Amino acid sequence: MVRIFIYSLLTMVAGCVFLNACQSGGELDKARYYINGKSLYETHCRNCHGDQGEGLGRLYPPLTDTLFMRAYQRQLACLIKYGSSGQLTVGGQVYDAAMPANPRLSDTEIAYLITYISNSFGNHHGIKRDTSVRTELQHCRANQ
Amino acid sequence: MDNLLRTAFGLAILASILTACSTGGQNHKLPILGHREPVTREVNGKTVTDTVYQQIPAFTFLNQDSTVITPQTFDNSVYIANFFFTSCPSICPTMQRNLLKVYEKYKGRNDVKFLSHSIDFKHDKPSKLKWYADRLGVEGTQWQFAYGPKEDIYGISAKYMVFTAEDDQAPGGYDHSGYLILVDREKHIRGAYDGTDDEQVALLLEDLEVLLDEYR
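Chains as they are written, first to last, in our numbering: chain H, 131 to 274; chain B, 543 to 758.
Hints are supplied without guarantee of correctness; some may be wrong.
Over the 12 Å line for every Cβ pair with chain H, so calculated as not near, a few chain B residues [said to hold, decoys possible]:
| hint | residue |
| --- | --- |
| 1 | Thr-612 |
| 2 | Gly-679 |
| 3 | Gly-714 |
Covered stretches of chain H (in silico footprint by chain B; criterion: 3 or more residues with CB under 8 Å from a CB of chain B, positions within the stretch not fixed) [unchecked claim]:
| hint | region |
| --- | --- |
| 4 | 172-180 |
| 5 | 211-217 |
In case anyone wonders, no lab produced these hints; they're calculated from the structure. Computed from a predicted model, the values in this text were never measured in an experiment. All residues carry an ideal CB built from backbone N, CA and C; glycine is no exception.
Please model the complete structure; the sequences and the hints are all you need to start from.
Following this line, the structure appears as structure tokens:
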């Protein structure tokens, strides 16, 4: 009796471990986007925006303002691809240094990057798909 | 007996090495970097040989307030020099972020100064340097931002042993190394640290205190 109980307990534990290991497809995608985005961030963004997304003085804005990140979710792709030369208000502070364009980044790479910064530094926005990056880029292109 | 002797001998050597290390630490002084040459002269009929060390030569630049700065601006202080430009998209922000940490630690002291030379002589006029210093969070003149003609800035970078060059292929149009150069009151180079490497910047903070000890 005791043996049967122990066996069934072990089976349950093993089952739990197994189920947890197999993340849902969406979670796996997000993890893949995030980790690719991290290395792109280190290459293209970290110098100015910092290891922890802290920015630099009043030169380069931080990426830790969750309200800004929420409000700009649909404009981040355009900011990254085409840069910015005007003023941006982040965390109540006006920033007027130009942000360089990154014309060589593909839609997929921009989706990776946005997934990384939107799920780091206190932000939690889930995965950014390349299809929505493509739509947003077409939109800001039309406005330029 | 033989074994005992051997052990005792080994211990004696170990002890002397340990003592040598610890006394070395107490009298630790930074080396003088760069080239040096012996100069021989006659003093009272005797031949005396002095070593002449590399020194930062005379320079005249404009700072962020369009005021002239020369080596005399840094008299009675040690200083940290580097080369950057305001629109640099590559290593400069990291280097300046690290130098800013050093600046904030020594802010308000007149025996530690900072000198950032812009290598973008086309765009970084004094007004642009002022804009940059302000946004970096630098007030006053403890941290000088130098503007000068191309040949002067690129010429002085060699004297600090820092590589700078115009390069269309480099990000932002200029290529340069991100060294932070520690200069003593006699204008000798006492240390060079990679301004993009956290460990090197920590070493700079240690060495700066060692250098300041020479003047205490």
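Verification of the supplied hints:
1. In this structure B/Thr-612 is separated from chain H by more than 12 Å, as the shortest Cβ-Cβ distance comes to about 28 Å.
2. Not every CB of chain H is more than 12 Å from the CB of B/Gly-679 (nearest about 4 Å), against its label as outside the interface.
3. Annotated as non-interface, B/Gly-714 brings its C-beta within 12 Å of a C-beta of chain H; the closest such distance is 8 Å.
4. Closer than 8 Å: that is the beta-carbon criterion, and the region 172-180 of chain H has 4 residues meeting it against chain B, so the requirement of 3 holds.
5. Counting residues of the region 211-217 of chain H whose beta carbon lies closer than 8 Å to any beta carbon of chain B gives 0, which falls short of the minimum of three for the stated coverage.
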